[in-house]
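Put the two chains together into one complex, using the hints given.
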Amino acid sequence: MANLKQILRVMMTGLFVATAGASLGGCQTWDQFTTSVKTTIDVIGGTKVSGAKAYIALNVFAGIETSTTKFLKLPACAPTSTVICRPRGAAAEIEGPFTTAIAARNQLRAWMKANPDATVADIGLYNALTAATNALAPILSKYGISTGS
Amino acid sequence: MSSIISLVMSLILKVAPGATTEIIAQIVPILVQLVPILVQEYKDLLPVVQNIIAALKDNSEITQEQWDALDALNQQYDAEFLAALQAAKAEDAELDAADAAAAVAKPAT
Chain F
171 MANLKQILRV
181 MMTGLFVATA
191 GASLGGCQTW
201 DQFTTSVKTT
211 IDVIGGTKVS
221 GAKAYIALNV
231 FAGIETSTTK
241 FLKLPACAPT
251 STVICRPRGA
261 AAEIEGPFTT
271 AIAARNQLRA
281 WMKANPDATV
291 ADIGLYNALT
301 AATNALAPIL
311 SKYGISTGS
Chain A
37 MSSIISLVMS
47 LILKVAPGAT
57 TEIIAQIVPI
67 LVQLVPILVQ
77 EYKDLLPVVQ
87 NIIAALKDNS
97 EITQEQWDAL
107 DALNQQYDAE
117 FLAALQAAKA
127 EDAELDAADA
137 AAAVAKPAT
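Line by line, the protein sequences give chains F and A. Offset between the first sequence (1-based) and the working numbering: plus 170. Offset between the second sequence (1-based) and the working numbering: plus 36.
If you're looking for bench data, these hints aren't it; they were derived computationally from the structure. The beta carbon of each residue, even a glycine, is placed where N, CA and C say it ideally should be. Any given hint could turn out to be false.
In the BS3-like style, the derived pairs of lysine-lysine whose C-alpha atoms are separated by at most 25 Å in a straight line are [stated by the list, open to error]:
id, chain 1, residue 1, chain 2, residue 2
1, A, Lys125, F, Lys243
2, A, Lys79, F, Lys312
3, A, Lys93, A, Lys79
4, F, Lys240, A, Lys93
5, F, Lys312, F, Lys243
To spell it out: a stretch of chain A is covered by chain F in this simulated footprint if at least three of its residues, at any positions, have a beta carbon under 8 Å from a beta carbon of chain F; those stretches are [stated by the list, open to error]:
id, region
6, 85 to 91
7, 107 to 120
8, 123 to 134
Next comes chain A alone, as it looks inside the complex (with noise of 0.2 Å):
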């Protein structure tokens, strides 16, 4: 837990505004180690920091490979997103409700 920790707060301090590209490159080796985390407990995270890690290292346009795998990503992450808002949503209102039937039938004292 502490090497995971330390790793992140290296990644953190070398994150600061108006850091320069040598400095982020930098990152990147920190990101890699992060990898195994992830995949073993963060996994939603993962293709974003690949993601990422890959940007940061390499140094040529992002491949239309690239872009076509993100925006099929995005397009899960959106549906999800939605289907899981739409529901909290309407389990709070249900609760809500609840609470108001509860509130009436409660006798006045």
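The shape of chain F in the complex, shown without the other chains (with noise of 0.2 Å):
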């Protein structure tokens, strides 16, 4: 089960890369981009990306705040834990890195509601989420933080 918890948690960030890296990556992605027909994954004039992808995005990171909640619920770590526990330390080593995370989600949908064209969102708020994303996969690693309970 504990493999199980891994490779699920392995799924969703890799959805979300797969998601990033479709429009960040070289000329070979950017290819393919241009000849989608689909708008799902876009960027727009090289200062917008579409609002599903912000979407998707979004909820990523909403199953990775989550998972880590879960995490978080456990018991704290004693010298005799036969459980599964929470080390000492983890929290406060987690709250900075999410701290910033939060904010960046924040600040993407408070762009996305003050402008009138919801169905954009502006690219360097949504690469400041996934960088911000990406800046939590160590600690999830170290503490291998499950997506199930």
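Structural data, given as structure tokens:
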């Protein structure tokens, strides 16, 4: 079950990487997008991304956040712990990167709400969210944060 | 269990960076198959996976209703996360203090 949880976590991260990498890759990736007829994954004019892409990125972060919440609710590890527990100091280590990611998410949503055309999102703010979310990966890996209870 | 893992591995193989939208569109059936599993065992992830399925399946723009629902979900998840974070930090601080007190009380050898 532990391996399945890790795989599901990788899946969520991979889905995020795919949607982010699909627009931030090299020439070959850009050519693929220019021939695509779908607007789900689309960089618009170099300064915007489609609202759907932002929507997916926001949902992926939400999944990571709720998974981390489950981890934080675990009891703190004691020297004699025999159940799944939360290493001491993990909460303090998690706080900074998640605060950054939540702020990036809020800025992205605030931009979309403030702009009349909510079908697009500012690429700079989108990239900030993707960077902040990617920065969480080492912490998730270090503590084996799973996707289940 | 093996069918679940093969489903997930199929998804992982398809989400390599640089994947075309056509490839990504193939992810949708895989995610759909995961839904009943999530319902049973990982229900906290169910809303976000369903949202991703909807965004990938539908070529049209995200509706205001979908955005409002996501905003509400974010508020809920934020509140739960912050509460869990503060509780965990408080527990760690309490245990650290107890350890420090025990170390002080321990007679020197």
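Cross-check of the supplied hints:
Proximity of lysine 125/A to lysine 243/F is assessed by CA-CA distance (about 11 Å); at most 25 Å being required, the pair is judged to hold. Taking the CA atoms of lysine 79/A and lysine 312/F, the gap is about 24 Å. The hint holds against a cut of 25 Å. Under the criterion of a C-alpha separation no larger than 25 Å, the hint pairing lysine 93/A with lysine 79/A is consistent with the structure, at around 21 Å. Distance hint between lysine 240/F and lysine 93/A is unfulfilled; the C-alpha atoms sit about 29 Å from each other, more than 25 Å.
The straight-line distance between the Cα atoms of lysine 312/F and lysine 243/F is roughly 17 Å, inside the 25 Å bound, and the hint therefore holds. With 4 residues having a Cβ less than 8 Å from any Cβ of chain F, the region 85 to 91 of chain A passes the three-residue criterion, so the hint holds. Counting residues of the region 107 to 120 of chain A whose CB lies closer than 8 Å to any CB of chain F gives 8, which reaches the minimum of 3, so the coverage claim holds. Coverage of the region 123 to 134 of chain A by chain F holds [criterion: at least 3 residues with CB-CB distance below 8 Å; count 7].
Against the hints set out earlier in the document, a violation occurs for number 4 only.
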